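A.B. asks: From the two separate chains plus the hints, produce the assembled complex.
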Amino acid sequence: MSSPAKQDRRTSITAISAMFAALALIFSYIEFLIPLPVPIPGIKLGLANLVILIAIVRMDFRHAFAINCARILLSGLLFSGVFGMIYSFAGGVLSILVMYILYRTNLFSLVGISMAGGVAHNLGQLITACVLLRNTAILTYFPVLLFSGLISGIAIGILACVIEKRLPEFN
Amino acid sequence: MIKKADVILFIIILAAGLAVSLLPLRGALKDPEVRVTVNGETYGVYSLSEDRTVEIVQNTSAGTFTNVLVIKDGECFMKSASCRNQICVDHGPISGRGQVIVCLPNKVVAEIVGTTGKGGDVDVISG
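Chain order of the listed sequences is A and B. Residue 1 is where the first sequence starts when you use our numbering, and the numbers rise one by one after that. Residue 1 is where the second sequence starts when you use our numbering, and the numbers rise one by one after that.
If you are wondering where the hints come from, they were derived from the structure by calculation, not from laboratory data. Keep in mind the model is a prediction, meaning the values are calculated, not measured. We put the CB at the ideal spot given by N, CA and C, even for glycine. It is possible that part of the hints are untrue.
In silico PhoX-like pairs for lysine-lysine, Cα to Cα no more than 25 Å straight-line [claimed, not checked]:
(1) B:Lys3 to A:Lys165
(2) A:Lys165 to B:Lys4
(3) B:Lys30 to B:Lys3
So the derived list for chain A, only partly shown, Cβ under 8 Å to chain B, looks like this [as the list claims (entries may be wrong)]:
(4) Phe83
(5) Gly112
(6) Met115
(7) Leu132
(8) Arg134
(9) Ala137
Chain B on its own, in the form it takes in the complex (with noise of 0.2 Å):
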């Protein structure tokens, strides 16, 4: 039923996944914030060590969308949203660097970002 082919297929994806998984953890952050990017533009930073609560509002012709998010104790997690699959409520409370919460029906990205040794960025794992 299983051919050589596959097995050497499945290695090289599980390489390639724990290659890309390994990318992303290096370098702990100086200072870390919460960068909200709406539509591909930044709503705002934010700063993790101080406890707020950042509502999100879109007003557009499709209606009005709305995302609240929590910051708290050095971490970040999303209160509420309008929209319907609640994916991005469910999603736990993020803090490391390169991890995202997303809304994809309000194109809402929470995203940690911060300094690094070499201010590097989550893309380095798009490079």
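Next comes chain A alone, as it looks inside the complex (with noise of 0.2 Å):
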């Protein structure tokens, strides 16, 4: 029924989707290679984000989301192990869905929706910890955590904002 350019579009969406969740994929694999030399768990610059928000920003929250989606599952099987996985899909939706909400309000650049991606993912993983361990003891850690999403999530906002800026309109 939709006609031929239509569908074009749709092909063509399709296909930066899956470029989109690979890069996603190898920025996982360099953030598993090149840890941050810090004792707690969860500390991480979350370049795998940048690639998230560009595709909220160009794309739509159903794409943005099932690119994070793929590249969890990927990453989860290739790297960080099952319990890595569901650690970092806590993370990964409940950040997704602060940015979208944040990026629907038009009130906020890429820097504010990423800081609040940012903290929202590690607390995300954080409630994670204290369901699995079944221990709120490691609620103590919420503090550096917050800073290090906050920091890392401005540094991510940042270089997104730069390359948004630089990349061709899609089709």
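C.D. replies: Here you go:
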């Protein structure tokens, strides 16, 4: 029923989504190879979020969410293991929801969106850890994870801003 | 590039972060102890004033998991762990109120507890 032009666009969006998922997976791999030298689990730069941010802005929520899920599933199977996957999933889903809501308000720049996403990601992981360990003592990590999410979120947000401006239009 | 709402959100998160980080610092512990929890159940509570080594062994259907916790000079640290990432081993010694060492793969948590003025626990930050 759809016109050829519309089908072309759908094909190109599918191809770009697959490319984005692959790129996000590579970023996850880089972070797995070069972990930050801190003794607290959960502190990382979140390079893969760069891809997700741009997918939210340039595509739509559905595609960004699918890209993120594909990335988490694959990096879980390849690098971090099933438990790592559960943590990534909790962090990834919470962060993408928060980022999309902030994006829809039209009030925030990519820096603010990414900053909130970073904090939400770490919060999601911490809540998961509390549930899995059945222990709330680890909530003492909350401030550290909050600040690290804030800082890495800002760094990634600035990067995303710079890259997004230089990216050509899709189709 | 940066909007006004970004700055406001940044200040809110920063203020919330500072507020929660100052909470557990209040009050010193009288008799600090380390409580070891495995999978949510208390494995043992040990005084920090007595040097000792605690072996935390779990025999499960998935295999045997071991963590070795050392209490020395009023501090405790994880000497070894059977897990892959060794994050708990790299974690420095703990002794202060509310500090924890976590081994996520083995589901082992070592936290500093003890009596304060009101018998408060680390749970204050969740409440």
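A.B. asks: Does each hint hold? Answer for all of them.
C.D. replies: Hints versus structure:
1. B:Lys3 to A:Lys165: Distance of about 16 Å is within 25 Å: holds.
2. A:Lys165 to B:Lys4: Holds - the C-alpha atoms of lysine 4 of chain B and lysine 165 of chain A are around 20 Å apart, at most 25 Å.
3. B:Lys30 to B:Lys3: Violated: lysine 30 of chain B and lysine 3 of chain B sit about 48 Å apart, past 25 Å.
4. Phe83: 7 Å, holds
5. Gly112: Glycine 112 of chain A check passes; min Cβ-Cβ to chain B is 3 Å, inside 8 Å.
6. Met115: 6 Å, holds
7. Leu132: 7 Å, holds
8. Arg134: 2 Å, holds
9. Ala137: Nearest chain B Cβ about 4 Å off; hint holds.
Comparing the model with each numbered hint stated earlier shows that hint 3 is the single one that does not hold.
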